[in-house]
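The two chains are supplied separately, each in an independent frame; assemble them into the complex guided by the hints.
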Amino acid sequence: MMGHSLSTRSIVLLAIGFAVLIALPLVVKSSFAVDIFIRILLFSFIGTAWNLMGGYAKQLSLGHAAYFGLGAYTSTILQIDFNISPWIGMIAGGVVAMLASLPIGWLCFRLRGPYFTIATIATAQALMLIFLKFRDFAWGAEGTTIPNLGAAPLMMQFESKASYYYVVLGLLVVGLVVTWLIERSWIGYYLVAIGEDEDAAEAIGVNAPRMKRDIYMISAFLTALAGTFYTQYIYFIDPATAFSFSISIEAALVSIVGGIGTLWGPVIGTILLETTSTLLQSWLGSSIGGVQLTVYALILMAVILWRPTGLMGMIDELRRRFASHKPAQA
Amino acid sequence: MWETVAQAVINGLLIGGIYALVSIGVTLIFGVVKIVNFAQGEFVMIGMYISFFLANQFGIDPLLSLFVSMPVLFAAGVLIQHFLIRRVLGPNDMPQIFLTFALSLLLLNLALMLFTANYRTVHTSYSDEAFHLGGLYIPVAKLIAFVVAMALSGALWVFLHTTDLGKAMRAAAQNRDVAMLMGINPDRVFCVALGIALALAGAAGSLLMPFYSAYPFVGQVFVLMAFVAVVLGTLGNVIGALIASLMMGIAESLGVQYVGADSGLIVVFAMLLLTLAFKPTGLGGGRAR
Numbered sequence: 001m002m003g004h005s006l007s008t009r010s011i012v013l014l015a016i017g018f019a020v021l022i023a024l025p026l027v028v029k030s031s032f033a034v035d036i037f038i039r040i041l042l043f044s045f046i047g048t049a050w051n052l053m054g055g056y057a058k059q060l061s062l063g064h065a066a067y068f069g070l071g072a073y074t075s076t077i078l079q080i081d082f083n084i085s086p087w088i089g090m091i092a093g094g095v096v097a098m099l100a101s102l103p104i105g106w107l108c109f110r111l112r113g114p115y116f117t118i119a120t121i122a123t124a125q126a127l128m129l130i131f132l133k134f135r136d137f138a139w140g141a142e143g144t145t146i147p148n149l150g151a152a153p154l155m156m157q158f159e160s161k162a163s164y165y166y167v168v169l170g171l172l173v174v175g176l177v178v179t180w181l182i183e184r185s186w187i188g189y190y191l192v193a194i195g196e197d198e199d200a201a202e203a204i205g206v207n208a209p210r211m212k213r214d215i216y217m218i219s220a221f222l223t224a225l226a227g228t229f230y231t232q233y234i235y236f237i238d239p240a241t242a243f244s245f246s247i248s249i250e251a252a253l254v255s256i257v258g259g260i261g262t263l264w265g266p267v268i269g270t271i272l273l274e275t276t277s278t279l280l281q282s283w284l285g286s287s288i289g290g291v292q293l294t295v296y297a298l299i300l301m302a303v304i305l306w307r308p309t310g311l312m313g314m315i316d317e318l319r320r321r322f323a324s325h326k327p328a329q330a
Numbered sequence: 001m002w003e004t005v006a007q008a009v010i011n012g013l014l015i016g017g018i019y020a021l022v023s024i025g026v027t028l029i030f031g032v033v034k035i036v037n038f039a040q041g042e043f044v045m046i047g048m049y050i051s052f053f054l055a056n057q058f059g060i061d062p063l064l065s066l067f068v069s070m071p072v073l074f075a076a077g078v079l080i081q082h083f084l085i086r087r088v089l090g091p092n093d094m095p096q097i098f099l100t101f102a103l104s105l106l107l108l109n110l111a112l113m114l115f116t117a118n119y120r121t122v123h124t125s126y127s128d129e130a131f132h133l134g135g136l137y138i139p140v141a142k143l144i145a146f147v148v149a150m151a152l153s154g155a156l157w158v159f160l161h162t163t164d165l166g167k168a169m170r171a172a173a174q175n176r177d178v179a180m181l182m183g184i185n186p187d188r189v190f191c192v193a194l195g196i197a198l199a200l201a202g203a204a205g206s207l208l209m210p211f212y213s214a215y216p217f218v219g220q221v222f223v224l225m226a227f228v229a230v231v232l233g234t235l236g237n238v239i240g241a242l243i244a245s246l247m248m249g250i251a252e253s254l255g256v257q258y259v260g261a262d263s264g265l266i267v268v269f270a271m272l273l274l275t276l277a278f279k280p281t282g283l284g285g286g287r288a289r
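Protein sequences appear in the order of chains E and L. Note that the first sequence ends on residue 330 in the working numbering; no numbers are left out. Note that the second sequence ends on residue 289 in the working numbering; no numbers are left out.
This is chain L alone, in the form it adopts within the complex (with noise of 0.2 angstroms):
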């Protein structure tokens, strides 16, 4: 009985790794820069094929691919950031919303059309590896995946702590106006946000690709988790996202393992509504906006 709970438990919580990763560059991108970037889950996206491609034309591992996915979409995000989303920053919802969300719909079409909706995989030597802890069962594939995502958020609270520009970005985040007076530049501050969130969503990908298929609605899911973790973790919150991702990873798990195959997106559409009917501003209180 307890195995399975623990099997669950652990399976949960080496998937909510992931999570966590794609929460984080959520609400970094929303405690920076002060939008949501609906389009998040398309950059896990482009990592999982960049990673297939990688390993496909070249046979390099998905983990050493890591080290291309990464700087690209790092690359990526402080275009976007300079030549999208800085132009519609201001007091109006409407354009911050939709453009986000435009892209999200664009680059999940175009991937539509350049990789058909097929599903690919990439067989590594360790996909099919796995511990045994007693009676329990812990995939190697999953356990990198979770260590490296644990190292990388890890990796970003020293940055946020202890690097000039990491503090700039926490001063651009807790007030904008006065961080500006104390000499921060906000553009830089801000590509450097996006750069970061999209990096980790990319890095998401190719830790994913060794025990997950790539397609083009593929990031969908990881954004839904990321949303919930993010309203959970209370908005901006990088440590809280962590958490809270966990969380999901594990509930998610229990929810397949207790209610039903299919019922995992039940449990999380369930713990969103709970969430905003009990208690809005995330468990880590702090206000919602």
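Just chain E, with the same shape it has in the complex (with noise of 0.2 angstroms):
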């Protein structure tokens, strides 16, 4: 899976994916179809910045929320407070996020494995009380709503979908390059090391705990610059959005899904979820409260059962057996 360098046919691949997807909000014109893909472009993005730390090293972080809310409400609260740019606001909050990192970060690494997960998931958690609890500083439980500028770039507003979408799909592609980068260094194979067994890890000279403090740093920062994106997008943030366990259980999810440890598992594991999701939606209509989750958890439970490689490792063992009947090549 890994240190694979580029050939000619793969960067030929990915022009023609990325053309596609440049060109997909030229042609598709519909907003509530834009707005589906800005969404799958956002949780793959959400899930390529929670798979560095919980793919490649195997920290199954179910906190990821807390850099989502602390990037979030960074921007937000210098847009308003002092007229700052969310698009410095957005740096600010990711490094805003890689700095909680390191306190949340030496709490939660003292436990391993499950413990691990119930500590990042109680730290999000406190995280959303504090919000909660201080109004004075961060509007409460009530939130706010962004002042809307109309067409302002500069302040990252826009008045058609497609700008967003280019936004997040930009996003998208700094994940997967730094993903991409890190997958193909020493620090990948240092983060797989850690995430087989970090005893052996140690044993053979690798420094876990500062490895797995770097790689959380990296994750939060790209986590919460999710977070100042959405809130953009939605015009609102308030604590429950902003911390919501269901941004920590999708980001997890997607990834586990579409192929824990590989650079396109994130991405696959969203257009499936994310594409069931929005059938069930118009089937169902939202009407039934519980049907979208209890679909992920089938699913969720099906890959762990059948296929815990997910669908990366579906599509790597149907595309060793179609290799397997063309002559051998060099």
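Rather than coming from a laboratory, the hints here were simulated on the basis of the structure. Since the model is a prediction, treat every value here as computed from it, not as a measurement. Beta carbons: idealized from backbone N, C-alpha and C, even for Gly. Each statement offered as a hint is correct.
Here are a few chain L residues that sit away from chain E, every Cβ distance over 12 angstroms (derived from the structure):
1. I60
2. H123
3. H132
4. I138
5. A151
6. K167
7. M180
8. I184
9. S213
10. I239
Listed next, the stretches of chain L that the computed footprint assigns to chain E, with coverage defined by at least 3 CB atoms under 8 angstroms from CB atoms of chain E:
11. 81-90
12. 102-116
13. 271-278
As structure tokens, this is what we get:
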């Protein structure tokens, strides 16, 4: 899986794929459809950020909403109280998330396996409670709307949904390039070694605590960017959406369903889950609560029981079966 | 002054008995099968709905429906271990964490689809009764729940320490490989551990029903408490989980009394974070994993 450098064929495929993604909002005019594309790109990006730590180093966090929320709140506070552009606020949010990941990681990494997961849930929930309680600096439970400035690209506000589409597409490209660079460098190998067996990795000289801390910082930074984007996109922020547990769940879910610890896993997982969810909503309407997550849970269980390598594992298997029918090539 | 403190301590202690049933289940599964059951709270929820429907349809007292909810959930535990958890046991954390997590998500959302998010309550003859002891107020339903919870915990301790099966479970918890060499069948022991843990969660649900509302998310409150209590009481330690649960109940109640009505959860998180920061191996010592 790892360390593959780019062949001519994959460069051509990537170029075609990228051209299609650029052209998509020019061809598809329905704002309903573009909205779904934006959701797919956004959760692919969040999943990609989660996958760096959860997928490669197997530190299974269910608290990434903490960084999504910190990113969203940092840029919104800077924008509303200090009139600073969300473009700058986005980076500031990323830095705040990075810094927050240090004490949170210091606490959570004391535990391993399932108890690490529980600790991450608790820290995200604790942050949500803090933002609910202290209304002086962050509007409390009722949240706030983002002032609508019309077309103000410098303030990350656009009139067409297509512009938001390109912003989140840019984020996903950044996430995938970061993942690709890490995956094929020594860092990727160290992370996978930690994920396989932390004690063994340390025994052969991997500084596991430092590696985990660093990848957690990168993962938190990227997740925070998504938080800023989402708030700007929906023009609203409150603790329940910004620190929503479902963000943490979906980040992990799309990666696991798509293929944990693979470059394209989170993207493929998001395409499957979001398409399923859209189809369900159009069939059943949104009247019955719980349908979407029931189906997500069933998909997750099926993947874990029958395909722990996710959809990427299935694709690899099919490709290998297909390739074995062809004459061997050099 | 001392009366408000004593009252808060009593309230906390009584609800702590329910937390103990949930925590003991979590710690038993962790000790024996070496997995964390993220769905434990949902089995409390199922126990509550069983009692609610029995009371609503047949007028059966929630305390009597203990004799339905416990066996039903014991059977559910055996089946879940046999058909689901057994298949993901191994060195890899991911399937174990996310299998029970998916189960929790599934049960919670199925409940939401089937029963809606409405709160369901059962009113019994003793729901509003209380003893008055000096200036103190002891609700009968909560007292019964506490006494039964302690009796069940005591019965589990006797089971683990006097019966062959109980000793086999403790042996498997201490060292699975050696236990297997001694002729203990791990599959059977694991199935019984899951069964007992889920039956305790079901009992917690039935005991709660006379004074607490059932709704799909109700289990989340209890499982969060249980996770903290299990860390605090040292993973896999039944007595530790029991004592920590009672402490958590008291701490939560004092927090509500002196910090504010919605600060119960903040106290819980603070306790978890403080435990992680200063005593990650739990109050009983031992190894964190």
